[in-house]
Amino acid sequence: MGYIGRREAAPIIVEGLKKLEYRGYDSFGIATIGNGIELDKHQGRISDSSHSAGHLKGKIGIGHTRWATHGVPNDINAHPHTDCLNQIAIVHNGIIENYADLKRELILRGHTFRSETDTEVAAHLIEEAYESEKDLLSAVQNVVPKLKGSFALLIISKGVDQIIAARYASPLVLGVGDGEFFAASDMTPILDYTERAIYLEDGDIACITPVTVEIFNGKNQVQRPVELVDWSIEDTRKGGFAHYMLKEIYEQPQAFYNSVRAITRETIPAPIRNPESVTVVACGSSYHAGLIFKYLLEDSCAIPVRLDFASEFKYFSPPIKGVVIGISQSGETADTLSALKQAKGHNCTTLAIVNVLGSTISRIADFTLFMRAGPEISVAATKSFIAQLAILMQIIDFIGDGEYEEVLLSGHRAIEEVLLMDLSGAVELCRNANSIFFVGRGPFYPVSLEGSLKMKEISYIHAEGYAAGELKHGPFALLSKETPVVAICMPGETYGVMISNIKEMKARGAPVIALGEQGDLELSDVVDIFIPLPETHPFIQVLTSVVVLQLLAYHTAVALNRDVDKPKNLAKSVTVE
Amino acid sequence: MECVVLAAGEGKRMRPLTAKRPKVMLPLANRPMIEHLVLAARDAAINDFVFVVGYGEREIRKHFEDGSQWGVHIRYAPQRHQHGTADAVRSVRDLVTGPFLLLNGDMIIKSTDIADLRKCHPPCMSTSTTNHPGDYGVVVVENGLVTSLEEKSKYPKSNMINAGAYHFDPDIFDAVDSVQTSSRGELELTDALFEYIAEKKMKAHQLSYWMDVGNPWDMLDANLTLMGNLQSDLKGTVEEGVSIHGTIIVGEGSLVKSGTCIEGPCIIGKNCRIGPHAYIRGATSVGDDCHIGHCTELKNSIIMAGTNIPHFNYIGDSIIGTGCNFGAGTKIANLRHDHSNVRVCGKDTRRKKFGAVIGDGVQFGINCSINVGTLIGSNAQFAPNSYVAGCLGENAIIR
Numbered sequence: 004m005g006y007i008g009r010r011e012a013a014p015i016i017v018e019g020l021k022k023l024e025y026r027g028y029d030s031f032g033i034a035t036i037g038n039g040i041e042l043d044k045h046q047g048r049i050s051d052s053s054h055s056a057g058h059l060k061g062k063i064g065i066g067h068t069r070w071a072t073h074g075v076p077n078d079i080n081a082h083p084h085t086d087c088l089n090q091i092a093i094v095h096n097g098i099i100e101n102y103a104d105l106k107r108e109l110i111l112r113g114h115t116f117r118s119e120t121d122t123e124v125a126a127h128l129i130e131e132a133y134e135s136e137k138d139l140l141s142a143v144q145n146v147v148p149k150l151k152g153s154f155a156l157l158i159i160s161k162g163v164d165q166i167i168a169a170r171y172a173s174p175l176v177l178g179v180g181d182g183e184f185f186a187a188s189d190m191t192p193i194l195d196y197t198e199r200a201i202y203l204e205d206g207d208i209a210c211i212t213p214v215t216v217e218i219f220n221g222k223n224q225v226q227r228p229v230e231l232v233d234w235s236i237e238d239t240r241k242g243g244f245a246h247y248m249l250k251e252i253y254e255q256p257q258a259f260y261n262s263v264r265a266i267t268r269e270t271i272p273a274p275i276r277n278p279e280s281v282t283v284v285a286c287g288s289s290y291h292a293g294l295i296f297k298y299l300l301e302d303s304c305a306i307p308v309r310l311d312f313a314s315e316f317k318y319f320s321p322p323i324k325g326v327v328i329g330i331s332q333s334g335e336t337a338d339t340l341s342a343l344k345q346a347k348g349h350n351c352t353t354l355a356i357v358n359v360l361g362s363t364i365s366r367i368a369d370f371t372l373f374m375r376a377g378p379e380i381s382v383a384a385t386k387s388f389i390a391q392l393a394i395l396m397q398i399i400d401f402i403g404d405g406e407y408e409e410v411l412l413s414g415h416r417a418i419e420e421v422l423l424m425d426l427s428g429a430v431e432l433c434r435n436a437n438s439i440f441f442v443g444r445g446p447f448y449p450v451s452l453e454g455s456l457k458m459k460e461i462s463y464i465h466a467e468g469y470a471a472g473e474l475k476h477g478p479f480a481l482l483s484k485e486t487p488v489v490a491i492c493m494p495g496e497t498y499g500v501m502i503s504n505i506k507e508m509k510a511r512g513a514p515v516i517a518l519g520e521q522g523d524l525e526l527s528d529v530v531d532i533f534i535p536l537p538e539t540h541p542f543i544q545v546l547t548s549v550v551v552l553q554l555l556a557y558h559t560a561v562a563l564n565r566d567v568d569k570p571k572n573l574a575k576s577v578t579v580e
Numbered sequence: 515m516e517c518v519v520l521a522a523g524e525g526k527r528m529r530p531l532t533a534k535r536p537k538v539m540l541p542l543a544n545r546p547m548i549e550h551l552v553l554a555a556r557d558a559a560i561n562d563f564v565f566v567v568g569y570g571e572r573e574i575r576k577h578f579e580d581g582s583q584w585g586v587h588i589r590y591a592p593q594r595h596q597h598g599t600a601d602a603v604r605s606v607r608d609l610v611t612g613p614f615l616l617l618n619g620d621m622i623i624k625s626t627d628i629a630d631l632r633k634c635h636p637p638c639m640s641t642s643t644t645n646h647p648g649d650y651g652v653v654v655v656e657n658g659l660v661t662s663l664e665e666k667s668k669y670p671k672s673n674m675i676n677a678g679a680y681h682f683d684p685d686i687f688d689a690v691d692s693v694q695t696s697s698r699g700e701l702e703l704t705d706a707l708f709e710y711i712a713e714k715k716m717k718a719h720q721l722s723y724w725m726d727v728g729n730p731w732d733m734l735d736a737n738l739t740l741m742g743n744l745q746s747d748l749k750g751t752v753e754e755g756v757s758i759h760g761t762i763i764v765g766e767g768s769l770v771k772s773g774t775c776i777e778g779p780c781i782i783g784k785n786c787r788i789g790p791h792a793y794i795r796g797a798t799s800v801g802d803d804c805h806i807g808h809c810t811e812l813k814n815s816i817i818m819a820g821t822n823i824p825h826f827n828y829i830g831d832s833i834i835g836t837g838c839n840f841g842a843g844t845k846i847a848n849l850r851h852d853h854s855n856v857r858v859c860g861k862d863t864r865r866k867k868f869g870a871v872i873g874d875g876v877q878f879g880i881n882c883s884i885n886v887g888t889l890i891g892s893n894a895q896f897a898p899n900s901y902v903a904g905c906l907g908e909n910a911i912i913r
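Heads up: the sequence lines are chains Z and X, in that order. One gets this note's numbering by counting positions in the first sequence from 1 and adding 3 to each. One gets this note's numbering by counting positions in the second sequence from 1 and adding 514 to each.
Be aware that a few hints might be false.
Only pairs whose alpha carbons sit at most 25 Å apart, straight line, appear in this in silico SDA-like list of lysine to any residue [said to hold, decoys possible]:
hint, chain 1, residue 1, chain 2, residue 2
1, Z, K62, X, K717
2, Z, K62, X, D580
3, Z, K137, Z, Y202
4, X, K717, X, A689
5, Z, K21, X, F687
6, Z, K317, Z, T371
7, Z, K21, X, Q596
8, Z, K317, Z, S280
9, Z, K571, Z, A337
10, X, K715, X, N729
11, Z, K62, X, R594
12, Z, K149, Z, F219
13, Z, K60, X, G612
14, Z, K149, Z, I110
15, Z, K571, Z, R434
16, X, K534, Z, D233
17, Z, K22, X, F687
18, Z, K62, X, H587
19, Z, K22, X, G658
20, Z, K62, X, T695
21, X, K576, Z, K22
Hints were generated in silico from the structure; no laboratory data involved. The model shown is predicted, which means the values in this text are computed figures rather than measured ones.
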């Protein structure tokens with residue numbers, strides 16, 4: 004968030020950051036141009052602190068509330084970051100992928116780094132360019148092409164009455180006031196001051212003074228329209244979405260891609276690249292990710308995988324060698340923590356897969372792999388689940404011979420494709436149901452478990468996930484017109500038997516909603532509602548079918564007027580056993 | 515000097531007229547009431563305005579933009595949720611730099627009074643006298659200092675009231691920051707003033723003229739007052755055989771046809787068609803693009819833009835929104851047979867003569883009879899021969 008105008012910047016930025024907190028909340032910081040660059044950074048949530056940053060003076064300022072991706076959350080890694088001389092301050096949303104190379108070169112050229120972040124390289128690069136260009140805008144224009152990855156940057160410099168804003172693949176919007184400008188990742192913090200917005204596009208660099216804004220794409224000046232934002236709608240929305248859950252569902256292509264890219268052969272610890280056996284401990288959705296991993300790893304690498312609910316792990320005889328993987332979005336799940344401690348006590352190699360940097364689990368485990376899902380606010384896990392699968396599939400790829408690399412790198416496109424699918428027919432069937440069965444075989448069995456979990460936790464409709472063949476062993480007695488069955492029936496070895504299972508269910512009068520590959524006439528003829536998924540690799544079909552089931556649960560819950568983001572009786576992370 | 519104008523409220527008591535516009539944009543003498551205020555302040559040599567806007571922000575911005583058309587500079591401070599006047603003042607913190615004037619946007623005040631208020635050393639509150647002090651904040655003034663301020667008192671100590679125009683120092687911002695939510699559930703500016711009053715710092719400045727527009731029927735008096743300042747100006751075409759008396763303004767592109775009689779003060783907007791044989795009596799203002807037709811009589815009324823009153827109609831002491839259509843023969847009554855005050859929705863207008871308050875886009879069939887004191891919501895529709903009385907909601911359809 005940035006401000007330039009005639010008011011004191013710090014109080015406006017503090018209030019703005021509080022509204023942006025859903026984008027990240029492990030640390031925050033503000034810089035203003037007062038007597039030089041004045042800086043104030045802290046670990047923790049800005050809304051928990053009584054910080055007013057009132058001691059920061061100046062009418063130009065930038066601020067940031069962080070979600071750690073490079074470097075644990077602490078005061079030093081919090082943004083803004085400055086150059087060697089503390090004359091340039093920057094805040095950054097996104098990931099600079101080539102920061103390691105850039106950092107190495109900068110250190111060789113004598114720059115001193117204070118933080119572990121990717122962002123700091125940009126501060127030093129701009130410092131160098133500013134020395135030669137003597138102009139902040141030109142300096143940023145020279146530096147931006149050197150950065151790979153995604154970024155929304157705000158830059159201020161001592162003695163320059165400007166904010167420079169640069170955007171590539173991360174959102175950045177400017178608010179147009181009367182003799183003042185605002186900049187932020189979305190309109191929420193700006194709407195209190197103005198409803199007039201300029202949305203920057205990829206590659207745009209804006210030079211903002213209190214009275215003017217000039218926008219360049221590369222070196223060419225461009226015009227971007229001033230749009231009127233309907234604050235009354237935006238006010239109640241979460242970055243443009245009706246619920247955090249929907250927002251997070253839509254962030255899944257990015258979460259998957261970023262998480263795949265975050266893991267390289269080098270970052271996978273050696274003991275995990277060639278394990279004798281693997282045990283996975285997890286709870287809830289993370290357990291379903293583990294079960295998918297079990298199917299896929301055993302099938303592609305013939306390595307036995309044992310999977311336990313973290314809460315039940317202690318009642319079994321523990322593995323005494325091999326790798327134990329604990330999966331947790333928050334890294335604070337009490338059961339998973341105690342299971343990993345127990346595994347360590349038996350001399351197992353422990354690996355944590357987690358979304359929150361610096362969380363407890365990363366301190367317990369021998370190794371930690373971070374997903375790149377970003378903060379997940381909604382209680383129902385969506386993008387963290389997809390990010391877990393990204394990491395687990397990368398592990399399979401590296402344990403194997405790398406045959407899935409291309410598949411994984413393009414997986415986000417298929418996810419994007421299914422986001423806009425029309426599920427109204429299926430939602431109509433589900434909202435009136437008193438019970439819903441989700442069935443699949445092979446890796447689609449855990450997908451059906453995840454689908455049923457989403458459905459029950461946010462719509463409060465009783466839902467059961469079943470291995471399709473198991474339905475005959477009891478639950479068939481429950482099938483009726485009021486119990487729709489959601490069947491995942493993708494091509495492959497499970498296809499033929501799934502079709503006959505579906506026919507059996509139809510024969511008992513249950514309406515069937517089927518997820519299948521597009522163009523599958525045999526399947527679409529048999530079922531009541533056919534949801535076509537893109538034709539891709541089976542790994543990716545696991546992802547797309549999960550996303551469709553998330554959307555089905557979401558829309559059903561909305562149709563039933565449920566509190567989607569905060570379902571009754573549930574908490575985001577379960578920190579008690 | 516900077517001047518802050520409070521213009522964020524919808525003006526719920528002005529419903530249904532505020533369905534499409536904030537209260538301060540309601541027309542008086544064919545200009546939004548806030549424009550009269552800006553012009554009065556401009557004549558007192560004030561050129562720098564901050565409007566606190568909220569409800570209908572876009573209407574206000576669209577009309578004024580940066581104010582250059584009026585030779586002033588206007589900035590806007592949005593107040594997204596109307597938590598009260600103290601909160602509105604908070605929203606301009608740092609936007610004004612030195613001592614400033616603070617004016618409620620919904621009052622009529624003279625430029626000489628604004629100039630005097632400006633000379634009064636801050637903090638200074640303007641006061642006025644009224645016959646209904648209990649409706650306002652009642653003040654007691656001793657030796658030019660406000661010594662007591664009581665909101666909506668049942669037993670007012672005087673007939674002197676707080677007029678809602680102030681001259682403040684920036685230290686008012688610290689005072690409003692300490693204001694707590696009042697029993698009305700609002701953050702009230704007057705709560706920030708008690709310290710000044712207790713310390714005998716708050717000066718009083720008596721206004722020579724003051725009027726606030728609290729209810730729709732107040733618009734009629736305000737309309738008359740503001741027309742008092744006008745000079746006749748016939749920009750449109752007036753055919754031969756039109757009889758004109760008093761101050762009359764006819765806007766560009768308007769045509770007044772033969773046989774029409776106009777008794778001022780009257781103001782007719784742009785591109786109107788008047789007559790033939792219309793009878794318009796003062797003080798009436800007719801907005802742009804209206805049609806006032808054959809044998810239609812208007813008296814002491816405000817007709818907003820785009821409304822058609824085309825054949826054999828009578829409209830007296832009424833306020834009509836934009837885009838209404840009156841069927842032939844539809845009339846509004848404006849006097850009770852017992853000659854007591856007209857009431858609208860149970861509220862005493864304190865007027866013997868009052869017709870109706872009619873929202874935007876209301877459509878009447880032919881020969882509707884609208885009783886005294888009727889209030890009709892926007893886009894209501896009435897079948898021919900309807901008898902219309904009482905309070906009718908938005909989109910009502912009477913068959």
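Checklist entry - Tell me, which hint numbers fail for this structure? => result 1, 3, 10, 19, 20, 21
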